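A.B. asks: The lines below spell out each chain.
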Amino acid sequence: MNNYKKLNMEKNIEKNGVGYITGMKAGIVLCPGCHKVLIATEKNGMRIRLCPRCGASIHFRKPDSIGRTWALLITAAILVFPANLLPVMRVYSRNVPDDSTIMEGIIYFFKEGSYGIGIIIFTASILIPFFKITGISLILFSIHFKWKTRLKQKALMFRFIQFVGRWSMLDIFVITLLQAFIDFGILSSIAPAPAAAYFTGVVVVTMFAAITFDPRLMWDEY
Amino acid sequence: MKTTIQTTDISELIVCHDCDLLFKSPCVDVGYALFCPRCGCHLCEPKKNSINRTLALSITALLLYLPASLIPLMTFDTFGFKQSCSVFDAVIHFYDTGYLFVSLMVALTSLFFPLIKLLLIFVISMCLKLRYYPDFLPLFMRWHSFIAEWEMLDVYMIGILVTIIKMYHAVHIQYEYGFFFFTGLLIITFCSSTSMDKNLFWSLIEEKSLA
Chain A
1 MNNYKKLNME KNIEKNGVGY ITGMKAGIVL CPGCHKVLIA TEKNGMRIRL
51 CPRCGASIHF RKPDSIGRTW ALLITAAILV FPANLLPVMR VYSRNVPDDS
101 TIMEGIIYFF KEGSYGIGII IFTASILIPF FKITGISLIL FSIHFKWKTR
151 LKQKALMFRF IQFVGRWSML DIFVITLLQA FIDFGILSSI APAPAAAYFT
201 GVVVVTMFAA ITFDPRLMWD EY
Chain B
1 MKTTIQTTDI SELIVCHDCD LLFKSPCVDV GYALFCPRCG CHLCEPKKNS
51 INRTLALSIT ALLLYLPASL IPLMTFDTFG FKQSCSVFDA VIHFYDTGYL
101 FVSLMVALTS LFFPLIKLLL IFVISMCLKL RYYPDFLPLF MRWHSFIAEW
151 EMLDVYMIGI LVTIIKMYHA VHIQYEYGFF FFTGLLIITF CSSTSMDKNL
201 FWSLIEEKSL A
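Top to bottom, those sequences are chains A and B. Reading the first sequence from the start, the letters are residues 1 to 222 in this note's numbering. Reading the second sequence from the start, the letters are residues 1 to 211 in this note's numbering.
Rather than coming from a laboratory, the hints here were simulated on the basis of the structure. Possibly wrong hints are sitting among the right ones.
Cβ pair distances, simulated, as ranges [claimed, not checked]: (1) G185/A x M126/B: 26 to 34 Å; (2) E207/B x H59/A: 25 to 33 Å; (3) K208/B x P194/A: 51 to 59 Å; (4) W147/A x E149/B: 26 to 34 Å; (5) N95/A x F136/B: 23 to 31 Å.
Predicted model only: the values in this text are computed from it and were never measured. Don't be surprised by glycine CBs; every beta carbon is placed ideally from N, CA and C.
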């Protein structure tokens, strides 16, 4: 199954007695746009400001990464409350409106007996946003308090957060499709409710938090 | 202290973009992938016949794009009331409800970004295929890597499936051609982005811009 050759990398890694050699220690920068390896000389700043290959601006670490990520995370943590407490969808049945929150929608699936779908929606709209916010704050705290344990697991967790970020949009897409398809006039129709906007906000803000965070920061001083 | 890394040529070095580990690049053949030895992140994976395959798949996906987004996906039928909708209609219908921000995000992630991403892949691979290297290629490559994250056709597909399962007790669902075009578009888009070898594309662009 696995056709990836296990390479013996030990001979390619240089250890200088203290730890691994990183690009920053060696004065080598990676372009964030095209992943070109560039030499950055001069201790205080960089000789090159823009990547000669793709034109992206070059920094050893993403500028103000921690501050920006904290700001976005706190925004997301505030938005989570209206997103989960306000109704996300309004179902009109014979012109009688009935509001339901995200959690009520999930409970509806479980009552119906569609456990699989209930679990998928629960994972996408409650577990993933919660996991993203707590996961990135855990990594930020571990950078701040210099907890140097389980770095590999934290790196894996961050990659997982980057990967699952988009999947929270699932609930919004379901509402989009439902309100478009269930429009039978007076018989029944579905409309979005305010929490949809807050929830989209949570998704967008946490995705930007994952983009602004620089995972190299947690490996520094290692 | 002079280490071997300081004496080697810079083109032989690799820096991990997730943990900044610096190491000498081994030779990675087609069919193999290189992972960072410290943090385990995926670094590079050369693809077989990358330019031709990417070009062919992006043309296929562009042909599928219009029918997939404009032909109705399904028809919902209850007590003689019929409602059929395409991906595009769903966005317009959402816009009419007054949720500007949400409908904008849905329009971007399910309609505009997939199209822009496919057009960028098409233009880039076409230029490389024709050995024509205009100045906008690096810019297009950077736009592509930004947009790739915000394009959510796969999530939309799961959204369609959840909608079907949610409603199949209540209404009669008839699948239209749009559903099959959309499934095809999703699969081909996925294939075209996996067949794209970014390292190869970048090194080809660089060679020409220096020459």
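A.B. asks: Does each hint fit the structure? Answer for all of them.
C.D. replies: Hint by hint, here is what the structure shows:
| no. | hint | in the structure |
| --- | --- | --- |
| 1 | G185/A x M126/B: 26 to 34 Å | 48 Å, violated |
| 2 | E207/B x H59/A: 25 to 33 Å | 26 Å, holds |
| 3 | K208/B x P194/A: 51 to 59 Å | 52 Å, holds |
| 4 | W147/A x E149/B: 26 to 34 Å | 29 Å, holds |
| 5 | N95/A x F136/B: 23 to 31 Å | 54 Å, violated |
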